[in-house]
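K.L.:
Heads up: the sequence lines are chains A and B, in that order.
Counting from 1, position 349 in the first sequence corresponds to residue 348 in numbering that gives the first Met the number 0; the numbering is continuous, with no gaps.
Counting from 1, position 32 in the second sequence corresponds to residue 31 in numbering that gives the first Met the number 0; the numbering is continuous, with no gaps.
Hints listed in this document are in silico derivations from the structure and should not be mistaken for laboratory results.
Do not rely on the hints blindly, as some may be mistaken.
Within a straight-line C-alpha distance of at most 30 Å, the following computed DSS-like cross-link-like pairs (lysine-lysine) qualify [as the list claims (entries may be wrong)]:
(1) B:243 to A:14
(2) B:314 to A:14
(3) B:159 to A:42
(4) B:312 to A:14
(5) A:20 to B:314
(6) A:42 to B:314
(7) B:243 to A:42
(8) A:42 to B:312
(9) B:127 to A:42
(10) A:322 to B:312
(11) A:20 to B:312
(12) A:22 to B:312
(13) B:234 to A:22
(14) B:243 to A:20
Note that the structure is a prediction, hence the values are computed from the model and not measured.
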Amino acid sequence: MRFIDEFRRSDLAQKLIARIKQKALSPARFMEFCGGHTVAIFKFGIRQLLPPTIDMLSGPGCPVCVTDNSDLDKAIALAQLPDVIAATFGDMVKVPGSHSSLQKAKAEGADVRIVYSTMDALQIARENPSQSVVFIGIGFETTAPTIAASVLQAEQEKLDNYYVLSLHKLTPPVIKALLDSGEVKLDGIVCPGHVSTIIGSSPWEFVARDYGIACAVSGFEPIDILLSIEMLVSQVEDKAPKVDIAYRRSVRPDGNRRALELMDTVFEPCPARWRGIGPIPDSGLKLRREFERFDAELAFNVDPGPTYEPKGCICGHILRAVKTPMDCELFATLCTPEHPVGPCMVSSEGSCSAHYLYGAAYEP
Amino acid sequence: MSRKILLAHGSGGKLAHDLVEKGFLPAFRNPLLAKLDDSAVFEFKGRLAFTTDSYVVNPIFFRGGDIGKLAVCGTVNDLAMVGAMPLYLSLSFIIEEGLPQSDLEKVVDSARRAADEAGIQIITGDTKVVDRGSADKLFINTAGIGMVAEGVDISGWNAKPGDQVLLSGTIGDHGIAVLSQREGLTFSTELESDCAPLNNLVTEMLRASSQVHCLRDPTRGGLATSLNELARQSKVSIRIVEDKVPVREEVFAACEMLGFDPLYVANEGKLVAIVAAADAEQLLAVMHRNRYGRDAAIIGEVREEHPGRVVLKTKLGASRIIDMLVGDLLPRIC
Chain A
0 MRFIDEFRRS
10 DLAQKLIARI
20 KQKALSPARF
30 MEFCGGHTVA
40 IFKFGIRQLL
50 PPTIDMLSGP
60 GCPVCVTDNS
70 DLDKAIALAQ
80 LPDVIAATFG
90 DMVKVPGSHS
100 SLQKAKAEGA
110 DVRIVYSTMD
120 ALQIARENPS
130 QSVVFIGIGF
140 ETTAPTIAAS
150 VLQAEQEKLD
160 NYYVLSLHKL
170 TPPVIKALLD
180 SGEVKLDGIV
190 CPGHVSTIIG
200 SSPWEFVARD
210 YGIACAVSGF
220 EPIDILLSIE
230 MLVSQVEDKA
240 PKVDIAYRRS
250 VRPDGNRRAL
260 ELMDTVFEPC
270 PARWRGIGPI
280 PDSGLKLRRE
290 FERFDAELAF
300 NVDPGPTYEP
310 KGCICGHILR
320 AVKTPMDCEL
330 FATLCTPEHP
340 VGPCMVSSEG
350 SCSAHYLYGA
360 AYEP
Chain B
0 MSRKILLAHG
10 SGGKLAHDLV
20 EKGFLPAFRN
30 PLLAKLDDSA
40 VFEFKGRLAF
50 TTDSYVVNPI
60 FFRGGDIGKL
70 AVCGTVNDLA
80 MVGAMPLYLS
90 LSFIIEEGLP
100 QSDLEKVVDS
110 ARRAADEAGI
120 QIITGDTKVV
130 DRGSADKLFI
140 NTAGIGMVAE
150 GVDISGWNAK
160 PGDQVLLSGT
170 IGDHGIAVLS
180 QREGLTFSTE
190 LESDCAPLNN
200 LVTEMLRASS
210 QVHCLRDPTR
220 GGLATSLNEL
230 ARQSKVSIRI
240 VEDKVPVREE
250 VFAACEMLGF
260 DPLYVANEGK
270 LVAIVAAADA
280 EQLLAVMHRN
290 RYGRDAAIIG
300 EVREEHPGRV
310 VLKTKLGASR
320 IIDMLVGDLL
330 PRIC
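Chain B extracted, bound-state conformation (with noise of 0.2 Å):
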């Protein structure tokens, strides 16, 4: 039988030792980490960045990814969208009883290699185990922390009329992707999850331009809600095409099917950047080179009139106004 995680994993007894020494530890090496001392203690001169957020995926894992891989990228990808360097994380896993070993292994697995692949280190986690039925299998909270270089600038508030606005490639698949693994509505893809850590990407812009005013992850909500909320805190409009939007086949037939609309579907390895016209071109030329930035496209630019307003123009050339997500995405009845 596999063995399975135990209330006494998370009493702070012996059991839970066994776990961070054998199950965490290995994993994460770093001589921060290993010290295990109450908390990490660290050097540091300049400008920080310090974001934290919660993960509750269900299923925990799923075609592309798993719970600890999202839960890496997410952080790391708000770290990056604030033009930050991602230094230091946090993992705190909150266990339901009952949940296999090798379950949890295979979470720590993918976010050690998340974590590697971004550059950054995991220096402090916790782990508590709930009674069966008190949480879902697991979830993970984070913390991060990173540098912000002298001189970099990058906020919701910064968009400008005549600026452009670039999609770092497809809309939908993670939400997609997720879905359709959900109980009671399984259908076949062979979609993947986009999740992905997208801070080398970020740093690969910055490096070509000193002219990118707003970056966001499209993560719940889509699109549609993340340029709703550069619009309303820049106080400018944004007017995008409908056919530079780039959706996967399978995204958008899904969505069909289910009655959504891809601008709403969640993303969490896709970045929309708001850049002045001038570098539009240069950056999108160097997003192509990134494998997290392949299908990249102008999508839209920034106006000044209707200030908060995001506007779409529609494939038969009508306009209409996208709102932020409301409610939740729920498929239709006939």
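Isolated chain A (complex conformation) (with noise of 0.2 Å):
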């Protein structure tokens, strides 16, 4: 398949690796940014091909992961409300809440539809004229500019029972907290590619310049994550932090303006909670005072009651960097992807998912 089968090649790979264990002589710590990143390492194999001077850790970008306990429940709450229909991406549906999770709202009769765009979202609400059609926006910078348009969409056709829940994340402030907590101490950081498509590379250039930290924005294929490992290993070496670009077929340094325009039409940063982190200011997206009416929070005061955070779960700790999966007591024992006690072990890009699919612990 073009544009895959390219950057799977195992010839160039060998050379990557080939070149990045000769340049790398002094032990180094990368962090990979993205769930999608380290699903990629891990899938492919690449930890075992790197020189033992580097360190792979993974780090915070899972958007469900991230999703704090108490926005779990009020997502959980909204669903329960008779004659809303809950629409949300597909890994959001089994992530354990303080009391419940939305499959098992649903089991006991909320109306939950997994939907693979923000557009099917409103489709339902097209159908479902006498019921409200709350969509649960999870995401970073990647997938908020497609629930703005569905706001705009919204807004167009005079929908008035399409409302999201906005618990949109933005990353580089957090990336800006994990280095200033300085819980973890990086060398370099894998950009992610996704979110760096929509808000370019420019906006990393913080990290290189105020923390001395090497950066490479990455795709998601083993070329494009090798490319990106020996751009910062050749940084490290050099010493000389910078943001490199290895995914230039996506990646522009100032992004995708049209993206960034309906983005910032819609949204303005706020305040959120970060799972694991805690509050950071200005990391999460709200709707603009202009597109209230589609705020669900405001339209349904829904109170979800206390949170508790699962007994014996270190999935803070995992996206904080300073612990992996293999440190916790329930990993793979209590928490399994059939009975997941953590997010991370729930999402397709978290890490405890990850290291349990792919068989982390194993040693050929």
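Assembly of the complex is requested from the two constituent chains, each provided in isolation within its own frame, with the hints serving as guidance.
P.N.:
Below, the structure is given as structure tokens:
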């Protein structure tokens, strides 16, 4: 398949690995921000191929995982309202909140529908005029423009039964928060590919400039990831941190202007709570005043009650990269993809799920 | 207006008789069924294989097949996977009231054609009609009986270190073909389900070699799940090579788009065979000559260490564990 096969070529991979091995003389610790990167790294066995000087950590780039329990509870409470249809992306339904999950709420009678695009949610709203459709909007800058587009479309069509629960999160502020905490010492970051397609590579410049940390934006195929690691190694060896792009077929320094405009028209930054990390200023997105009538939180005043964190679950630590799934007592015993305790085991982009499915503990 | 199945079609009365006499008997014509006694009676001497399955596929018509063909092929294949020669089949229909009769006729017709190809006779059956909403259009339950020839011993427990793993063709065709026609997820593809009876392929393989140790059709849960089952039953490990596993371009593309791994996507006309290394090449040649084994390949081998594990050598030369399918396949969110 074009645009995929070329980026999985074994001969190119071997060359990149040889170059990385040759260059990586001093020990370096890199973090891949994206859950999508974590999955690809495990799926293709990339960690095994890197020299022992390179240590790879998994970052917080999984939108389902970083959704705070209080927000999950809110989404579930909304779904449980009579005459509400909750529309959501697939990974969300299984994530356990404090008391329930969307999946359980559905089994108990709530109308929860999995959609593949925000436009599907609009279609549900058109077909069910006597009910309210609440789109559970999670995701980073990648998905936010599509949700903004759905709001604009709903306004144009005068659809008065479409609402958005905006749980969107912005990525540069969380990187800043992680670096400011000083908990994790990093030499380089594999920066998000899809997010940077929207926001561009320039929002990462502060990382190289202010923190002296190497940056390379990567795609999700093995060649992309190996190339980005090679770029990071070069920056570290040359002691010249900057922002490289290993994903030029998708990412430009300024990003996608049209998507950014859409996002900016509909949303404005707001404080947001991140699981395991806590509140971070200006790291969320809320609907602007002109679009308030689409805001599910304002339209339906739900009280989900007190929030509980699952006992023994260390997803919060894993998201901060201070622990790995292997450090968790529940991993693969009490917490499995079938019976997940925390979100990192549920989401297809979660660290625990990737470790579980692709057998990171296995030494060949 | 098209004729619909009514509750009365399942009542045992006049309409039900009409359905049997006009709908089922001519299609599945054979003397054992035609007697219409409460049970079919037949002579038998030897070892029997006996299996049952239910079919609830949605939608009931898909590119490359329908629920009728699927029910016959699925049951025939379960018999074939223990080396049995399929003989007789039962077919029970659970129909939602309001199903167009023409749909039922189409399903019955394709079940008949699949049975003819497999050389199996449908000798007993049943029809129930339930209220609208109590079933989704049409469910089919089957049972199958086959004969296991003297000396044939094929089982998931028989894999031995050193054996080779053969796969009869491309994986994921059925799952993606059906998924592409699901409501709310229509994407355009010419891909057809691989739904097919594999008993003739198995017969040819068993004729060529007495060293076929295990056979399995990787249906729900896909190739990965079948290999895990075999590794656990036989207490061996199985090592397969990613590059050797045939995957159609369309299936690969759909999987990339939906966030699936073809190793976990369902097949309905494929088999995995674990065979003695000495006979592997010869069996591969036999498979290539059958229309359902044209793309067959040797995809890996059985090893002694790490019993119960399935390991994949990735395109990059690294190794990773392949587990059974966990949960449902859900599309990724970003």
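K.L.:
Against each hint, give a clear statement of whether it holds in the structure.
P.N.:
Hints, verified against the model:
no. : hint           : result
1   : B:243 to A:14  : 22 Å, holds
2   : B:314 to A:14  : 14 Å, holds
3   : B:159 to A:42  : 28 Å, holds
4   : B:312 to A:14  : 18 Å, holds
5   : A:20 to B:314  : 19 Å, holds
6   : A:42 to B:314  : 10 Å, holds
7   : B:243 to A:42  : 17 Å, holds
8   : A:42 to B:312  : 10 Å, holds
9   : B:127 to A:42  : 47 Å, violated
10  : A:322 to B:312 : 28 Å, holds
11  : A:20 to B:312  : 21 Å, holds
12  : A:22 to B:312  : 26 Å, holds
13  : B:234 to A:22  : 43 Å, violated
14  : B:243 to A:20  : 28 Å, holds
Checked against the numbered hints above, the structure violates hints 9 and 13; every other hint is satisfied.
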